[in-house]
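Novice: Sequence:
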Amino acid sequence: MTAYTRAVSCEWLKLSKSRLWVQILMCAALVMLLGIVEGSSNPIAPWEALVGIMSILHAMLFLPIMTGIFSAMVCRYEHSGGGWKQLLVLPVSRSAVYFAKFTVVSLLLAVVQALFLAAVLGAGMIKGIDASIPWDMMGRSLLGGWVACLPLAALQLGVSTAWSSFAAPLALNVVFTIPNMLVANSETYAPYYPWAQPFLAMMPQGQAGFGAFNLPFESLMMVVVGGFLLFFIAGLIYFQRKEI
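Going by the working numbering, the sequence shown opens with residue 338, and the numbers climb by one from there.
One or more hints might be untrue.
Computed spacing ranges between beta-carbons, pair by pair [stated by the list, open to error]:
hint, residue 1, residue 2, range
1, Leu567, Val511, 18 to 28 Å
2, Lys422, Asn379, 30 to 40 Å
3, Ala571, Gly465, 46 to 56 Å
4, Leu427, Ala571, 39 to 49 Å
5, Tyr341, Leu454, 41 to 51 Å
6, Ser502, Leu567, 17 to 27 Å
7, Val426, Ser355, 23 to 33 Å
8, Ile515, Leu454, 24 to 34 Å
9, Ile463, Trp358, 21 to 31 Å
10, Ala505, Gly459, 35 to 45 Å
11, Tyr341, Asn379, 38 to 48 Å
12, Pro380, Met559, 28 to 38 Å
Here are the computed lysine to aspartate or glutamate pairs in the DMTMM-like style, where the Cα-Cα straight-line distance is at most 25 Å [unchecked claim]:
hint, residue 1, residue 2
13, Lys351, Glu580
14, Lys422, Glu580
15, Lys464, Glu375
Derived from the structure by calculation, the hints contain no laboratory data.
Think of the CB as a built atom: it goes at the ideal place given N, C-alpha and C, for glycine as much as any other residue.
Let the sequences and hints guide you as you build the complete structure.
Specialist: Set out below in structure tokens:
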């Protein structure tokens, strides 16, 4: 546990020197701007409508892309200048290193979700929404979106450890993120598409009644957990056997 804790601290230290936090804040600001400008004035369920419109940009585009960026960033330093060899000669197991990197990616995604909540509340306040805040819906949307990002994070982390190029995993991630809206219309394929899962999980019930949005939340979470276990275990096994 001590080795794992030290590995997590090391990953945080490396990321603290990057401009990653600026990108995170910019994404939250853009999502909030969308909520202010385009947010629905639905008098019956104003908060649900606001979360729904803001999730289109946040969960369909920014969240999958940021997941890929986080996964690539935690491997960037190791791919340059023989960093993997320097890291793995330390008294820490490969499993601890891999778990630490995934933990940092997960924590960063939690920060992104927390900022999305702040953006929603800020946009609602500016728009003058006086209805009571449905915290159960908010919690389900935020937590569901975070959990739905974990399979994609596991997949992208595996790709980022395998490819020495920093740009290649990001380009691959963007390519598969772009068709999200089309895939989300498919009730057959969307639940199994890692890039669309965060969008499906974050959309409040009743805000979209087509395609995979009709899938029960519990069924979606079962698919998400299964995908996460598959990608994470496969990535961990590869990393343990990877020749440095």
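Novice: State for each hint whether it applies.
Specialist: Results of checking the hints against the structure:
1. Leu567 / Val511: 18 to 28 Å: Cβ of Leu567 to Cβ of Val511: about 23 Å, so the range 18 to 28 Å holds.
2. Lys422 / Asn379: 30 to 40 Å: violated, 57 Å
3. Ala571 / Gly465: 46 to 56 Å: Holds, since Ala571 and Gly465 (Cβ atoms, about 49 Å apart) stay within the stated range.
4. Leu427 / Ala571: 39 to 49 Å: violated, 25 Å
5. Tyr341 / Leu454: 41 to 51 Å: violated, 29 Å
6. Ser502 / Leu567: 17 to 27 Å: Between Ser502 and Leu567, where Cβ atoms are some 24 Å apart, the hint holds.
7. Val426 / Ser355: 23 to 33 Å: holds, 24 Å
8. Ile515 / Leu454: 24 to 34 Å: holds, 26 Å
9. Ile463 / Trp358: 21 to 31 Å: holds, 24 Å
10. Ala505 / Gly459: 35 to 45 Å: At roughly 36 Å between Cβ atoms, Gly459 and Ala505 fall inside 35 to 45 Å, so the hint holds.
11. Tyr341 / Asn379: 38 to 48 Å: holds, 46 Å
12. Pro380 / Met559: 28 to 38 Å: Because 35 Å falls inside the window, the suggested range holds.
13. Lys351 / Glu580: It holds: about 23 Å lies between the C-alpha atoms, which stays within 25 Å.
14. Lys422 / Glu580: Status holds; Cα separation ~10 Å.
15. Lys464 / Glu375: holds, 10 Å
The structure does not agree with the numbered hints 2, 4 and 5 stated previously, though it agrees with the rest.
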